[in-house]
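Q: These protein sequences, in sequence, are chains H and V.
With my numbering applied, the first sequence covers 1 to 219.
With my numbering applied, the second sequence covers 1001 to 1187.
Worth flagging that the hints you see were computed from the coordinates, not collected in a lab.
In this text, all values refer to a predicted model and were calculated from it rather than measured experimentally.
Hints may contain errors.
[Said to hold, decoys possible] The calculated lysine-lysine pairs, modelled on BS3-like cross-linking and capped at a C-alpha distance of 27 Å, are:
hint, chain 1, residue 1, chain 2, residue 2
1, H, K66, H, K106
2, H, K39, V, K1069
3, H, K35, V, K1073
4, H, K3, V, K1123
5, V, K1029, H, K35
6, H, K215, V, K1167
7, H, K215, V, K1181
8, V, K1181, H, K187
9, V, K1129, H, K3
10, H, K176, V, K1181
11, H, K106, H, K39
12, V, K1181, V, K1038
13, V, K1182, H, K176
14, H, K39, H, K3
15, H, K160, V, K1123
16, V, K1037, H, K216
17, H, K176, V, K1129
18, H, K187, H, K176
19, H, K183, V, K1182
20, H, K188, V, K1029
21, H, K3, H, K188
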Amino acid sequence: MYKILFIDEQQEDIDSFKDYIEEKDLEGIFEVLDKYPLKSLESMIEEVMSMHVDAVITDFRLNEYKENIDYNVPYDGTQLVEGILSEREDFPCFVLTSFDDEAVGKSEDVNIVYIKGILHGTEKETKAKATFLDRLKNQIIHYKSKLEKAELRLIELLEKSKTQELDAFEEDELLKLDSLIEKSLDKKYVVPDTVKRTIESKSLSELLNAVDELKKKLE
Amino acid sequence: MRNLPFRDDASIPVRTYQGPDLKNYRDYKDHLRNDFKKKCGYTNCIDDWFGGVSTFQIDHFLPQSKYPKLKTKYSNLIYSCSYVNRAKSNDEGNYLDPCNENFNTHFFRNDQGAILPFSTSSKAVYMHKRLKLYLKRYSIIWTLEQLEQRMEILRTLIENTNDDGAKELFVQITMKYMDYKKYLRAQ
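Take these sequences, add in the hints, and give me the full structure.
A: In structure tokens form, the structure reads like this:
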């Protein structure tokens, strides 16, 4: 079961997205959560993160209709997605728009932008083989399996390092995997690789120990 | 290789907040931060490195999606770094509450400060993988804190005893600390 979050300022569009998923999700693997955009980009990103979903789908224009919200939304869907991706590398995100050119132009990654027509049946008329839902599912599965593979290998290397010293290639691989997993959780405050390389065991722990011994002696 | 304790007594969190239930669980953050001694409940890393307090979040021990009534209950909240909070997600698995359990009987650290589970504790083994407690950042933050603590100890010893050995160690520890800081600043 995958939890997906749909963001739109209009209840009507939220409902039609839910109808679309209900109609197309024959395997019943999606649970749809929804949210109106909040007043600030920062609080919206925080809210999205705290909902712990597997993917985020947002409308491009979030400040167009005022039937369901009574405030100004100072960001659009691509800005929201970029904000999410700046916190979590490669997190599955999509932008839906009726104004494809504008959204594509504003987004750094054109592959995340989809035309809203898919919600109203125009998908059938296009020649595209993969429906939006297939892409969504594949993106989530791909993302999860990439991280799982990285984790398995990292744990393997960590286990190995308990009994023998890793060679330089393995050390490098270990650091890369560690960073990859760290960035997938929070890209903003990762520990730089240069610092990770400085971890040294013996001399440091001896030094810390020496202080503790001296303290016991002098007190 | 020696096993070091996962956390010291001074960093054991105690939930002291006795006030009314707040409507928004985020409003508890200051209380939680104090009660958790400014440290992540699951990793024991202090909140003043790499982004500091702003990156620390409030974890729902039992996930809010499955236990909506516990969303704003203080007893269900854990001060945690963004890394473990996001790794935990909505998982309801077998977790140890850092306030109610002696974590030192479930986890230990190696010489580098890396967090490791005792193989006898199935909950710790589960948490170690699920919360990705194996990440290097936790041993780095532990190391920085250890160095700072020893600098403070030595400073007091030098002030009180003027001991030459303490002075010598103070220089060595400070130099190590400065090495780390140099790399951090280069970020």
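Q: Output the numbers, in ascending order, of every earlier hint that fails for this structure.
A: Of the numbered hints, all hold.
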